[in-house]
Structure formats: C-alpha cells, structure tokens
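Novice: Start from the sequences, fold in the hints, and give me the full structure.
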Amino acid sequence: MTKPIESFFAAPLASFRIKMDRRNGQTTTSKWCDYRLKSGQFQCSELVDSTRDGVRSVQFQRSYPRDSVVQLLSAMNKESNSFPSVRSLAFTEEDKLQYRNMLDTIFRYDGYFDTLDMYRPPPSTDIQITSTIKSFSDVVNELPTLSDEQLGRAIVAFRHWPSDLDVRYMVEFTNTAGDVVHVELDRSMEVHLPLLMPWKVSYRTQAWHWYGKDMGRFYIGSQPPANVPQILLQMMDPKWMLLAVAASLDADRYGRIHRWYQRPWKK
1 MTKPIESFFA APLASFRIKM DRRNGQTTTS KWCDYRLKSG QFQCSELVDS
51 TRDGVRSVQF QRSYPRDSVV QLLSAMNKES NSFPSVRSLA FTEEDKLQYR
101 NMLDTIFRYD GYFDTLDMYR PPPSTDIQIT STIKSFSDVV NELPTLSDEQ
151 LGRAIVAFRH WPSDLDVRYM VEFTNTAGDV VHVELDRSME VHLPLLMPWK
201 VSYRTQAWHW YGKDMGRFYI GSQPPANVPQ ILLQMMDPKW MLLAVAASLD
251 ADRYGRIHRW YQRPWKK
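Note that the numbering used here has the sequence shown beginning at 1, numbered continuously upward.
Hints listed in this document are in silico derivations from the structure and should not be mistaken for laboratory results. Treat each hint with caution, since some may be false.
Taking lysine-lysine pairs in the DSSO-like style, the calculated list, with each CA pair at most 30 Å apart, reads [as the list claims (entries may be wrong)]:
1) K78 - K19
2) K19 - K31
3) K213 - K31
4) K19 - K213
5) K31 - K134
6) K3 - K96
7) K31 - K200
8) K19 - K3
9) K3 - K78
10) K78 - K200
11) K96 - K134
Please read all numbers here as calculations on a predicted model, not as lab measurements.
Specialist: Quick look at the structure:
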C-alpha cells in the first residue's frame with residue numbers, strides 16, 4: 001500500500017484523541033484525552049473518564065509540537081507496514097544491564113531448563129546455565145552484525161500476547177476538513193512483537209495493519225501514567241527484543257526452539 005493517507009494531508013491536522021474503552025458485561029466505560037492545536041502546539045488539559053455514574057475529569061497537562069505529530073502521521077503514510085531495521089535499533093547500557101539480569105533470572109532461578117524435554121534430565125547443571133547465559137548475553141554485541149532478514153525472523157518468531165479482549169486502545173486524528181484517521185491496537189491475532197505494537201489503521205474505505213515503532217510510545221506518553229496499563233509499558237521494554245534475537249539465533253545454530261511458557265510480562 002503506497003501512501004495510504006496522502007489525501008488526509010490536503011487539510012491541516014486539527015486535533016487528535018487518545019482513547020481507551022473497557023467493556024464490562026453490557027456496559028462500556030471510556031477514558032480519553034483530547035489534544036487541540038493552540039499556538040503551534042497540540043495541547044491537552046484533562047483526562048475525561050466516562051463511567052456508569054457519569055462523566056468526570058482529572059487535570060492532566062501535556063503538549064506536543066505540531067511538527068512532531070505530523071511527522072508521526074507521515075511515517076504511517078510512508079511505512080504502511082514495516083519492521084525496524086538493524087541500524088534503527090539502539091540500546092542503552094541500562095537496557096543491556098537489565099537484559100543480562102533478566103537472563104540470570106530466567107535461566108538460573110526460574111527453573112527454565114527443567115521445563116523443557118530437550119534439556120532433561122533435570123536439574124540442569126551450573127555449566128549448562130552459565131553457557132546459555134553467556135551465549136544469550138553475546139547477542140548484545142552481535143546484533144549490529146545481523147542482517148535485517150535475520151532480525152525480521154527473530155521478531156516474527158517471538159510472539160506473546162495476553163488476552164485482554166475487553167479493552168480497546170485507540171487514537172483518532174482529525175483534520176480541518178473533518179477527515180479521520182483511526183488507529184487501534186490490533187487484537188485480532190492476539191500477538192505482540194518485541195518493541196512493536198500491532199495497529200489496525202482505518203481511513204475512509206481503507207484498513208490495514210501497521211507496526212509503527214513510534215506509535216506505541218506516543219500512545220503511552222499521551223495520557224497520565226496512572227491511566228496506562230502496566231501491560232503496555234512492559235510490552236515496550238527493550239530487553240524483549242534482545243531476548244527474541246538471542247532465542248532465534250540459538251534455534252538457528254543449535255536447533256533449540258525456545259518457548260516461554262509463562263508469558264513474560266503477564267504477572
């Protein structure tokens with residue numbers, strides 16, 4: 001799909017809404033933040049909460065430069081569906097430290113090896129644990145040497161998504177002509193790719209899937225932190241991307257297929 005929302009830019013962007021709907025039986029409650037253009041900034045002053053008891057609001061101030069929001073939409077127009085490239089990934093020293101700590105937790109303390117037939121008989125030895133932690137840790141330095149194809153295979157192979165079908169996460173962009181681009185977290189396949197939230201975009205008569213690498217952080221950052229479910233924050237943790245690549249390389253090299261029986265971010 002080439003430039004699917006090109007006609008949307010014929011009129012200036014006027015506003016956008018960050019919204020979450022939660023269904024409970026026959027009742028649906030909504031929370032949203034409206035951003036309107038003022039002095040070159042999209043500004044929000046409140047979080048509106050619609051419940052069975054009525055509508056109330058909580059003060060919340062956040063603003064975005066107009067150009068940054070337009071840039072986000074432009075990425076949607078240019079990259080209708082794309083995974084990140086190796087070159088686009090960057091990890092801080094803190095990211096790498098958290099990843100190594102996570103490996104220690106998974107392999108040394110969670111009894112991971114004792115759950116898989118390919119590592120039996122349990123208990124696993126310290127040598128086995130140490131060797132696997134090292135090979136998984138090495139991916140931090142090896143990642144820049146991989147091809148985009150290898151990265152894509154790793155991303156697709158590592159899919160986890162806890163069912164939460166009673167909640168909808170949405171963003172609606174509206175221009176001055178009244179056209180609307182609707183972006184909703186896609187729950188149809190119940191999957192999640194590391195660092196990527198799967199979105200379904202609708203515009204006029206078109207609808208398509210989009211893995212926009214910046215939309216997730218934009219959605220999370222556009223509302224009060226207390227309103228953001230922990231699941232969304234944990235989905236965007238960089239260490240899951242490193243784990244995905246390490247598991248994929250381990251499968252390629254040694255034929256070991258890693259399955260994370262406990263969904264990593266579901267507590």
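Novice: I'd like to know which numbered hints this structure contradicts. Please list them from smallest to largest.
Specialist: Hint check: 5, 6 fail, others pass.
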